[in-house]
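Generate coordinates for the entire structure from the input sequences, incorporating the hints supplied.
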Amino acid sequence: MTPQRARELVEAALTRVAPDADLAALAPDADIREALELDSLDFLTYVETLSESSGCRIEEDDYPAFTTVAGGADFLVAHASAP
Amino acid sequence: MKGTERGEFLMPSLGADMESGTVAEWLVKPGDQIRRGDAIAVIDTDKAMIEAESFHTGTVESLLVETGHRVPVGTPLAVIAAVPPHAAGPRARVASPLARTLAARLGVDLSAVHGTGRAGTIRAEDVREAAERETTTRETAARGVEPRPRERPRRTAPGPAEARPQPDHDWERRQETMRQAIARAMARSKREIPHYYLSTTVDMSAALSWLRERNRDLPVSGRLLPAAVLLKAAARAATEVPRLNGFWVDDAFVPGEAVHLGVAVSLKDGGLIAPALHDAACRELDDLMAALKDLVSRARTGRLRSAEMTEATITVTNLGDQGVESVHGVIYPPQVALVGFGKILDRPWAVDGLLGVRPVVTVTLAADHRATDGYTGARFLCTVDRLLNHPETL
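Protein chains in written order, with UniProt numbering: chain S, 1 to 83; chain C, 1 to 394.
The hints are simulated quantities; they were obtained by calculation from the structure and are not laboratory data.
If you're wondering where the values come from, they're calculated on a predicted model, not measured in any experiment.
Possibly wrong hints are sitting among the right ones.
Simulated crosslink set (EDC-like; lysine to aspartate or glutamate; CA at most 20 Å straight-line) [as the list claims (entries may be wrong)]:
(1) Lys-268/C / Asp-250/C
(2) Lys-343/C / Glu-60/S
(3) Lys-343/C / Glu-34/S
(4) Lys-293/C / Glu-60/S
(5) Lys-268/C / Asp-203/C
(6) Lys-268/C / Glu-34/S
(7) Lys-343/C / Asp-203/C
(8) Lys-268/C / Asp-62/S
(9) Lys-268/C / Asp-31/S
(10) Lys-268/C / Glu-11/S
(11) Lys-268/C / Asp-74/S
(12) Lys-293/C / Glu-52/S
(13) Lys-190/C / Asp-251/C
(14) Lys-343/C / Asp-373/C
(15) Lys-343/C / Asp-31/S
(16) Lys-268/C / Glu-172/C
(17) Lys-343/C / Glu-37/S
(18) Lys-29/C / Glu-5/C
(19) Lys-293/C / Asp-22/S
(20) Lys-293/C / Glu-48/S
(21) Lys-268/C / Asp-20/S
Now the structure itself:
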């Protein structure tokens with residue numbers, strides 16, 4: 001998956017759990033749970049949305065990567081087979 | 001066939017802190033056929049948009065209140081030409097035990113109460129409804145309030161050109177009124193309820209490793225969160241210690257018919273709402289998890305059902321995600337207990353004379369001293385501890 005596409009999927013998934021978030025102002029390495037006030041249900045929905053949109057299997061052990069925008073996008077680039 | 005009965009659909013009371021509500025949207029129009037239990041209007045309670053269900057089966061004859069109008073609880077909103085559920089023969093007056101107790105306390109004549117339960121059984125809610133109808137003034141305080149969209153606009157895709165949301169005065173008003181509603185309920189709680197507080201720390205290693213094993217082979221959508229396990233443990237404990245599950249009404253405890261677990265949900269723009277997960281103690285964990293997701297999402301986007309707002313028998317607040325270790329809550333009247341879970345943290349823990357590091361959670365109970373004593377509360381927390389140490393039994 002291209003970094004561009006990964007970033008798009010991450011932003012789309014974030015928009016789903018935090019519709020009013022200003023993603024442009026969100027630092028790539030900020031903890032999204034704190035920055036966007038996500039609770040564990042929101043975070044699960046975020047990972048679930050990404051897993052579905054990217055077709056990429058995401059284990060519980062992989063969750064820490066998804067706590068930042070950059071980490072989540074990098075994971076998808078490395079693991080998602082779809083373009 | 002008996003003659004047509006007329007029923008009124010009244011502004012429902014959707015919580016102890018609700019004094020009035022606004023008809024945000026009519027879901028039916030005159031001439032529509034409706035059945036008991038159908039959602040017929042969306043009511044704005046200041047805290048949430050709630051789909052209010054009809055107690056009658058029949059035809060909508062007329063709508064009495066326009067959308068956008070705020071009226072007191074108990075105000076007739078619509079007239080329904082009701083079809084008697086059993087047109088032949090006398091109506092059975094079966095009432096649930098809680099309904100009978102309530103009726104006796106509130107001085108309500110059961111023969112005049114319309115039952116909305118299965119086969120016309122009179123439920124506690126019906127009795128409350130009837131009692132409110134008697135005491136509430138029917139004057140229509142038609143303070144006009146602009147109708148609001150059902151939910152805030154949600155962006156479906158991020159667009160670079162998309163403007164920031166416009167300041168929303170209506171939304172500000174709602175937050176103000178929600179704050180007032182919480183203030184009323186909580187002030188009443190602290191004024192009337194002599195709280196006592198207990199807490200215990202529970203080793204979560206068994207529960208977390210069980211969850212981990214269980215989640216390993218599942219897609220993300222099928223995975224359970226620790227929150228589901230905590231809620232189930234609280235619900236099961238409430239079944240085992242039933243004196244904490246129910247209501248304090250007119251100087252006496254009225255037990256809940258089942259464990260309808262109120263779940264405190266913080267709303268994104270501030271405020272709090274605690275809708276009920278029905279029959280939480282009997283539901284499988286998968287089912288409970290799905291119900292929790294659904295409930296939280298509806299609480300935040302604006303569509304709760306009236307039963308979810310009125311029937312919680314005990315409430316759980318889980319502030320773990322916010323990072324605090326423990327929460328000593330305020331009971332939501334007329335309930336008699338509130339369970340709090342803090343964050344699951346790694347802490348030094350002694351087992352069999354050895355010190356190790358274990359994930360632990362602090363579980364608290366705030367309970368109404370009029371209804372129970374500390375001994376009962378302690379049994380509740382010990383039960384939660386036992387259940388969480390045997391997650392396979394949940």
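Tell me the numbers of any earlier hints that the structure contravenes, in ascending order. Going through the list in order, the structure violates hints 1, 5, 8, 11, 14 and 19 and respects the others.
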